[in-house]
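Colleague: Residue-level listing of the chains:
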Amino acid sequence: MKKQFIIGMVFITGGFSFSAHAGGLGGARSVREVLTDYVKDIQKYTAERISAADKNGSGQRLKADDILLANLKLSPGEKTSIKTVIASAHDKKAMTNSLATILAAKNMAAGKTDAESVSINNAADASLKLIANAPLIGERNSSTFLSVAELKDTREALTKLVAMPEKFIVFEAKERDSYTKAIVKSDEKSVGAESFEEAFVKAIMESQGVSKVKALEIVRKLKDCV
Amino acid sequence: MGWSKIIATYLVIAQLVLAPVLSHAQDLELEGNKLTKTGKENFEAYAKYANGLGYDSRLDLPNKRMLLIDRNTKKVSVEIPLRDEKSLLEYSPKTLNQKLATEFIKVRTANAAAWSHTVKSFPTESTLFFLALGGMVAVQLFTDYANNPVGMKQHIEHQLSPVGQLGFFMFMYSQGVTSNALNLWLKNPKLKMPIGMLGMTVGLAVQTYFSQVVSDPHIRNCAASVFKGEKIAGNDHPCEGAYKYFVLDKKILEGPGVASLLGAFLITTGARIAVGSVLRLVGFEIGMWIVPGGMVMRFGRLLVNATNIAAFTLIQMKLEHYVSYAWKNYFDGKKFIEFNDALVANIENQKKSAWQSETKDFNKDIQNFSKKMSEWRVNNLSEAYAANQAWSEFLNNLTSMYSASYNFYSLYLDSLNSKNSLIDRSYPLFGVIPKGLAIGHEDLYFLRPDRIERLQVETTNDVAAWIGQNLQSGYYENLGFIKYQMDIIAKIQAGLASENIQTKGSAILELNAAITKSSMSSVGPMGLSSELRKIYSMLGTPNPIYEVGRGFGESMLLSPNTMSAFKDLTFEKHNGRFNTPNITDYFVIQMMCGPDTSKGEKVISIAKGYPAKFNAPTVTLPDEAKESLCYGAASEALSNKRIYNLPFSKYRTVPEFLRANMNPEVSQNFIAWWEKGTESQMREAFKGFSSLYKSIINKLYAGLNQTNNSRWNRGFISNGALVAAFQEIRLYSLILGEMLKDSYKEQNKKSLPSEYYSAQLDPKITISAADYMMSKKPLLGLLARGSRYDFNTLVGSLPNADVHSLKVQNDLELSFVQMNNLIQKAGARGVKAEEFQNQMKAIEAQLSQFSLLLGVSKGGPRPGLVTLGIDQKALAVTCLELLQSVSQELAMYGNMAGTARYQDGN
Chain A
1 MKKQFIIGMV
11 FITGGFSFSA
21 HAGGLGGARS
31 VREVLTDYVK
41 DIQKYTAERI
51 SAADKNGSGQ
61 RLKADDILLA
71 NLKLSPGEKT
81 SIKTVIASAH
91 DKKAMTNSLA
101 TILAAKNMAA
111 GKTDAESVSI
121 NNAADASLKL
131 IANAPLIGER
141 NSSTFLSVAE
151 LKDTREALTK
161 LVAMPEKFIV
171 FEAKERDSYT
181 KAIVKSDEKS
191 VGAESFEEAF
201 VKAIMESQGV
211 SKVKALEIVR
221 KLKDCV
Chain B
227 MGWSKIIATY
237 LVIAQLVLAP
247 VLSHAQDLEL
257 EGNKLTKTGK
267 ENFEAYAKYA
277 NGLGYDSRLD
287 LPNKRMLLID
297 RNTKKVSVEI
307 PLRDEKSLLE
317 YSPKTLNQKL
327 ATEFIKVRTA
337 NAAAWSHTVK
347 SFPTESTLFF
357 LALGGMVAVQ
367 LFTDYANNPV
377 GMKQHIEHQL
387 SPVGQLGFFM
397 FMYSQGVTSN
407 ALNLWLKNPK
417 LKMPIGMLGM
427 TVGLAVQTYF
437 SQVVSDPHIR
447 NCAASVFKGE
457 KIAGNDHPCE
467 GAYKYFVLDK
477 KILEGPGVAS
487 LLGAFLITTG
497 ARIAVGSVLR
507 LVGFEIGMWI
517 VPGGMVMRFG
527 RLLVNATNIA
537 AFTLIQMKLE
547 HYVSYAWKNY
557 FDGKKFIEFN
567 DALVANIENQ
577 KKSAWQSETK
587 DFNKDIQNFS
597 KKMSEWRVNN
607 LSEAYAANQA
617 WSEFLNNLTS
627 MYSASYNFYS
637 LYLDSLNSKN
647 SLIDRSYPLF
657 GVIPKGLAIG
667 HEDLYFLRPD
677 RIERLQVETT
687 NDVAAWIGQN
697 LQSGYYENLG
707 FIKYQMDIIA
717 KIQAGLASEN
727 IQTKGSAILE
737 LNAAITKSSM
747 SSVGPMGLSS
757 ELRKIYSMLG
767 TPNPIYEVGR
777 GFGESMLLSP
787 NTMSAFKDLT
797 FEKHNGRFNT
807 PNITDYFVIQ
817 MMCGPDTSKG
827 EKVISIAKGY
837 PAKFNAPTVT
847 LPDEAKESLC
857 YGAASEALSN
867 KRIYNLPFSK
877 YRTVPEFLRA
887 NMNPEVSQNF
897 IAWWEKGTES
907 QMREAFKGFS
917 SLYKSIINKL
927 YAGLNQTNNS
937 RWNRGFISNG
947 ALVAAFQEIR
957 LYSLILGEML
967 KDSYKEQNKK
977 SLPSEYYSAQ
987 LDPKITISAA
997 DYMMSKKPLL
1007 GLLARGSRYD
1017 FNTLVGSLPN
1027 ADVHSLKVQN
1037 DLELSFVQMN
1047 NLIQKAGARG
1057 VKAEEFQNQM
1067 KAIEAQLSQF
1077 SLLLGVSKGG
1087 PRPGLVTLGI
1097 DQKALAVTCL
1107 ELLQSVSQEL
1117 AMYGNMAGTA
1127 RYQDGN
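As given, the protein sequences belong to chains A and B, one line each in that order. Reminder that position 164 of the first sequence reads as 164 in the working numbering, one-by-one numbering, no gaps. All you need for the working numbering is the position in the second sequence, starting with 1, plus 226.
Worth double-checking, as some hints may not be accurate.
Over the 12 Å line for every Cβ pair with chain B, so calculated as not near, a few chain A residues [what the hints assert, rightly or not]: (1) Lys79; (2) Ser88; (3) Glu139; (4) Met164; (5) Arg220.
What follows is a list of derived Cβ distance ranges for each label pair [what the hints assert, rightly or not]: (6) A/Lys73 - B/Thr767: 50 to 58 Å; (7) A/Asp114 - B/Asn643: 31 to 39 Å; (8) B/Gly914 - A/Asp91: 35 to 43 Å; (9) A/Asp224 - B/Ser790: 30 to 38 Å; (10) B/Glu1070 - A/Lys73: 44 to 52 Å.
Think about it this way: if two alpha-carbon atoms lie no more than 30 Å apart in a straight line, the pair counts; the simulated BS3-like pairs of lysine-lysine are [to be verified]: (11) A/Lys223 - B/Lys925; (12) B/Lys661 - A/Lys189; (13) B/Lys1002 - B/Lys586; (14) A/Lys92 - B/Lys793; (15) B/Lys661 - A/Lys73; (16) A/Lys160 - B/Lys578; (17) B/Lys577 - A/Lys73; (18) A/Lys221 - A/Lys202; (19) B/Lys1058 - A/Lys92; (20) B/Lys561 - B/Lys578; (21) B/Lys920 - B/Lys1051; (22) B/Lys1058 - B/Lys561; (23) A/Lys129 - A/Lys92; (24) A/Lys185 - B/Lys578; (25) A/Lys129 - B/Lys578; (26) A/Lys214 - A/Lys112; (27) A/Lys212 - B/Lys925; (28) A/Lys202 - B/Lys661; (29) B/Lys561 - B/Lys925; (30) A/Lys93 - A/Lys185; (31) A/Lys185 - B/Lys645; (32) A/Lys106 - B/Lys902; (33) A/Lys181 - A/Lys92; (34) B/Lys661 - B/Lys760.
I should point out that these hints are in silico values taken from the structure, not numbers from a laboratory. C-beta atoms are modelled at their ideal positions from N, C-alpha and C, and glycine is treated no differently.
If we strip away everything but chain A, and leave its shape as in the complex, we get:
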């Protein structure tokens, strides 16, 4: 999935290559390498916390989610939105894990000013914005900007992105930044847009400087990654 997904992202970034083993050639470990370990740790920590909470009744489980969300330092609106996304998720555990990973990335980059860290932090924030906007996906069944088929494709692509919001963070910087741009733009545009799908397509057009046709092509690539 990752590989195919990257193909979609490559369209966005205009054809940058992606190296699976970037960084860390004999020298200090790259941010991404450290992050990978950190992600493992925090996922383990969250899993233990949730498992302990489950034994204590559902109230505790809610609290475990809350602690995670509190650490993400979200706005109240985003927090409430993400809570409903967790509540409605088919795989709650996967969603919590994604959020834990995003938290790991944010902690990793916290207080650092180098380009890589800033880029990671921005990508993590963008991913949170994407999850917070998830309830808007599929809000309307028709659109004046997109045909029924285009609307459906865009909805499916967005649904897939929401299911793997943390994946972008470990991409190469340029790919990651392109993703960040597109998502942040979608969030801005969603306020006035007829639908989040419309906002997303327009955000790709604007952030990548491509036509609607090209933007929809990218959307379909994203959608088809399985």
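Got chain A sorted already, so can you dock chain B onto it with the hints?
Modeller: This is chain B only, laid out in the frame that chain A set:
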């Protein structure tokens, strides 16, 4: 019990004991607008008394009442009317008698014979009889607390119990001031959860009159026959006997306590007597209970209903248990002898043909036997199962309210403390259909009201256009509308068409007002009302919300994923000074008026016999406004809209109050605050529950390890579930072994080599003569006594001959013994679920060994020691599968011991 029945009960009692009540009401006598000197003294005495019980007292002179406020929950629990002429008139015997008489006349019309009988049987003595019986039940329930913590609730709600309906209520009423729990319930019939002082109430009662009735053998026999199903020697109808002794012989009036206790009870009822047609029904029902012999009839019905496990109330539980236990022992016990003989005959038959004859019936018999055995074990453990279920009910309310409170508080406080909070938003288009909103996106009502509003605007524009078209086409003129009506429609249309959302909202308010008005008005053609309704329904169910703060809660109720934690919750529909029809309103008031955990106030109330209750804590600091906002009686409760438009105090809305008085600990770190004051109490409470659980575990183990059979048991399957399980296991293992040995001999013309046999001799068993009385070949009885697997010697005359079991049989037996050891270990301390799973796997491994020898392994056609025919293969597979299912059942018992123990997350 329904509200109507409470009222009816009240009326019945009122007639009997009116005079003493009035004398008590005079305790708090008013003169003008002040208490008299005696009244004041009495007030102080009451206040002191209440103080000791955990209640603060307040004198509310303008409303002529004294209030007792539960110190923990901060709720008005008791309201005592002050005596003045007006209230006296409301209590007037004449008024009450008239009401009662009217209703009873109606009953008479319905069933003259029943009524006349009822009248004759309705004196004080009859009532006292039921009162005493009700009290007896109460005592039983309290003493059985550990096994059924919600027994009292079940008891009260039990629709079949005459004592539950009448006697217990009278018993509770009789406690007067201390019967706050019932009073609270009376105010709020939906609550169904009296709280606080119930234990104390009963303590008092025991001192006053239980010493009299509890020790009386007549009452004891009657209660025992009803609630324990015990047979009383020489007394077929113990309740009738007791009734005769107490009521007809007037013995009940001789004791010291019973007659006098009726004095204090009506103080708290106030004047809220509703009379209506409902009383006709309940009056009749009460009459039926009072009729001597009526009880017997009802017991008959009870027994019939006892088969309905779904109802699951205490009485049913008891009856179900005792009746079905005896029944199953008596009849099923005997049935197992038939099974035994049939199974022995089947095995003999197969052995004769060297396991080559058909096994269809044999297979069927084994399956029926297995089903019956499983039911048998459940029956023998039913008391533990039932107790476990009662505990789940007890804790369910507590834990679900706890999680819901946390969930709401977390959401609400986040929003309350943020800029541009949705709490401060008005919802002028609330209830209007959002045009084009896809199904499944209802969360957006709460999450994104702005987006929803945009879609709602589209709907209002569409409707405005539609009305505009009608106006232009002359549609309304054709209906004959006069100018006044046309103006109304035109104004609504203009409002809806406006670009300003507030103007749209105003137009909807106007529409709603016009609908109300037009339905009452007779001016002009009648079509206006229906046209307005048409507009209304095109909009949806429009109901603009302008009060700041109210829309937040209302929209939350529309959001499925936000509300999921609050589903199926029981909460008080009156909280503080307000009606709280919605749970969101209820929580908002709790945030202001709930117990203050920083002062160590309790968030969990546990009244014996009722589900434990969680009272969400206040998030605010003490403030004088709380006095006026948090204490009020249901009778004068304000609409929930007023929560967001306060009628008094310096704050305009409750959210404003919350913001202004927020406890800084809460705003700094809600989670830490919650953990410190609230969660810590929950943990502490669970420690107590955990120790009470132990009695269920003990009960479970008593059932599992029982060795003495019930006197009802007419067969030789043990009442102890584990021994019974081993009887079943050994039977299947025996069949498989015989099949293997005989088939090998037939196919190889020699006995199975000794390497397949255990080197050890089979253990000797003690043989019971009683087993031989039941059957000539008591195979199942013998299998209860030890692991011997030689069919011929077991059913022959040599059950203790020197024989060797097969190795595989001994190994299988050993793996089940290890499972038994694990179960025993789980009773004493925790055993992880994996351990049971591992043991099940170990058993499965032994079963695989057996299947390999028999050539019926799951892995495919691998040759075994023998080649079985199709019928025998089917029989072998059945036995192996049944062995596996017994192992699952045993693992379940072990897990049950685990789940009855509180799992501490630490």
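Colleague: For each hint given before, does the structure comply? Return the numbers of the non-compliant ones in rising order.
Modeller: 1, 2, 3, 6, 11, 15, 16, 17, 22, 24, 25, 26 and 27
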